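J.: Below are the chains, spelled out letter by letter.
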Amino acid sequence: MRLVVEGVSKTYRGSLHALRGVEMTMGPGVFGLLGPNGAGKSTLMRILATITRPSAGRVTWNGADIVADPDVLRRVLGYLPQDFGVYPNLSAVEFLEYLAAVKGLGAAAARKRIEELLVLVNLADAARRPLGGYSGGMRQRVGIAQALLNDPQLLIVDEPTAGLDPEERVRFRNLLSELSGERIVLLSTHIVSDIEAVASEIAILDHGELLTHGTPERLLESVAGRTWEVVVPSAELPSLRQKHLVSSIASRSDGVHARVVSAVAPGPAARLLEPSLEDAYLAALWARRGNAAGAAA
Amino acid sequence: MNPVLVIWAMARADFLERVRRYSFFLTLVFAVCLGYAAGTGKILIKLDQYRGVYTSAWIGAMMALVTTFFVGLVGFYIVKNAVDRDRRTGVGQILATTPLSRPVYLLGKLASNFAVLSSMVAVLAVAAVLMQLLAGEDRHFGLWALLSPFLLIALPAMALTAAFALFFETLPVLRGGAGNVVWFFLFSIGIGLPELSGIHWLDPFGLMSVANSMMEAARAVIPGYKNGFSLTVGDTAAQVVDALRWQGVNWTARALTLRLMWTVAAVVVVLFAALFFDRFDPSRSRAAAFQAKPRRRAKSAAAAIVAHAAGGAPAGLVHLTPLAKTAAAPGLRRIFTAELRLALKGLRWWWYAVAAGLLIAQLSTPLLVSRGPLLGAAWIWPVLVWSAMGSREARFDTQQLLFTAAGMLPRQFPALWLSGFSVAVLTGAGAAIRLALAGQTAGLLGWLAGACFIPSLAIALGIWSRSGKFFEALYTVLWYVGPMNHAPGLDFTGSSAGARAPLAAAVYLLLAAALTMVAFAGRARQLRPH
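Residue numbers (our numbering), protein chains in the order written: chain A, 1 to 297; chain B, 1 to 530.
In short, the hints are calculated from the structure, not lab data.
From a predicted model like this one, the values you see are computed outputs, not experimental measurements.
Where is the CB? At the ideal position from N, CA and C, for every residue including glycine.
There could be a bad hint or two in this list.
[Unchecked claim] Partial pick of chain A residues on the chain B-facing surface, computed with a CB cut under 8 Å:
#	residue
1	85
2	113
3	116
4	151
5	153
6	268
Please construct the entire structure, taking both the sequences and the accompanying hints into account.
T.: Here's what the structure looks like:
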């Protein structure tokens, strides 16, 4: 079970580069794709989900080119798009039955699967209500259920926790974690905490380029010994921000407690902290933008 | 807040959003095609078998009537999306939180609708100028004579069309496909209103203003003229009467007032529509109705799910049963059932009651009535069921869910076609049984051709246009001129083909096959990574 992305680029009309030469290999486990809005995550997701054709490069599933033969992957694919619709007159059960038929599931297997999935996504009580009356979060859970219908070997979920309440979010993270053993789960988000808990590998994308790619441990290593806490008067915060990457702040009675990622101590009283994934993510983006600004200068 | 400025800003933004779409370019192409058809004599005004010399006035009036008839009818479908776009994009929700009033919002949209239709009128006005230069029948060029019909006949009619498009959008019952069908009949009634009511000034589309003036001129110079007046398409056999140099409608103060009255009427229609406009309040929309529905007792699979859930299982306690690799894949029958259910879901009991009534009537009336008007009625009744086919994925934004499934083309496409065919068979079965019992093989073949043709047309247009609107408009017109008025070659039910029934059936079967292939190619294109 292996998904390989080789030099994938995507250029839209008007020379807009959504992706530039992305290279990555994925095996079983949760693969987290992080990046700010507009980084090209959804474009990459759509290419991997056989919706969009790359302008250059190729994607293979177990050695087969998915652009030349998309059905090779579609047979084992579960996909939750960032935005999708439902048929408002159908109930969740009817909608999933319809999609199960389209995806090629047998009647008995589909019934059992739908029953389990609706319990799993906590929609059993609303299973017979028309989807037109569902809230955004409920629709999102229907989307999650449909992605799992065919017991996919590759599960692609694009911003899956958007619209979910905190409880459902935790539930979904746990689900992904449980599912990942026997399949590849590709999770795209700009929320680091969504990935932190479940991903066995992480890639960071910005402006269509792959900035870094590795295990969470490796990413954390990149900021080890570089994460500090410093207390400054609030008036000095802007100047601190100009010099260093400030990943978070908290106002206290003694001043602003700033979390700083920097190769050098941001002040004489700065103390070293355990780095977080968010620090590593922001540091990767900061480094790229610093380089880009340097190149422009 | 100055309402005039608000209306201007709204109309400007809406108009710019529209004209920067590819579909607007197609709209102008449609206007150019109309201009070309009129300019090359494919559309002309005939007085019995005669026509007048192409003076500026004649050309202006003819082109204005072409505009009124074709742009008035088709333009409605083009502009009936102003409010819907704000609803779909979410801009409506933003506007709803501003002090913008319902009438001001709708007047802004009216201005935008009117501007879009006026741009088509402008294209046809330019075509009229070119036509006079190319025809060269009258060297005298009268600018007012040429343009006044556009200003005083076409534009008020466009204002009315623009207003009705908004009115239909604000009324939930007319917002969807039903409104698209209703407009065709409302428009037809509007055209014939002076005749139907016997009141000549009740002429929203300006036909009588031109007709009366031309007929009066014809009576003066054509001996034996029988008061015929027609705007004909495709019939170029007209004898030019050199003495008939019509100089245009005499625009008296009364005539002018009557034409301007229709512009005022358009504003009144929009202000009336404001009473029904929900101002993007979701609590007044269909979703709210769904939520308000009392929950019925759960049964079958759903009952099992509810029993199983017992208050919602915490994450991690539910295990998904792995799908057996040998689990039987669904045959065509199951996908077909799912497609048919999807097509019929949401229809109310009265829809089935009317369909059943028409079916029983087909079985119990004389064969000629059964396969004629009754079959016609039975095959217009499910127009909205058919129009959703092929475009449903685009309309409800489910493409990404469906088009990433393997084997969509060999599995779902035939099931989709069969579900459409089944609707035709089920609603028109009465006439088929009567034809079979009467041993009318040719008639039965014609019926079969019709039953194949309708879903093929619907799916092809749905897939390629990504909307049901095109089918609703085209099919309604085709149904009206074909099965209901027996226009030669256009009766796809074969009921009026007579001795040529087998030929007509063969043509429509071939057409159905061609349309199915077009639809298949469109779906294959949608499924390819792009």
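J.: If a hint holds in the structure, say so; if it does not, say that too.
T.: Here is how each hint holds up against the structure:
The criterion of a C-beta within 8 Å of any C-beta in chain B is met by residue 85/A, whose closest approach is roughly 3 Å, and the hint holds. The closest approach between the C-beta of residue 113/A and any C-beta of chain B is roughly 7 Å, which is under the 8 Å cut-off, so the hint is satisfied. Because the smallest distance between the Cβ of residue 116/A and any Cβ of chain B comes to about 5 Å, under 8 Å, the interface hint for this residue holds. Satisfaction of the interface hint for residue 151/A is found here, the shortest Cβ-Cβ separation to chain B being roughly 4 Å, below the 8 Å cut-off.
At about 11 Å, the closest approach between the beta carbon of residue 153/A and any beta carbon in chain B exceeds 8 Å, and the interface hint on this residue is violated. A hinted interface residue such as residue 268/A counts as satisfied when its beta carbon comes closer than 8 Å to some beta carbon of chain B; here the least separation is about 47 Å, so the hint is violated.
Violation of the numbered hints given earlier is confined to hints 5, 6; the remaining hints are satisfied by the structure.
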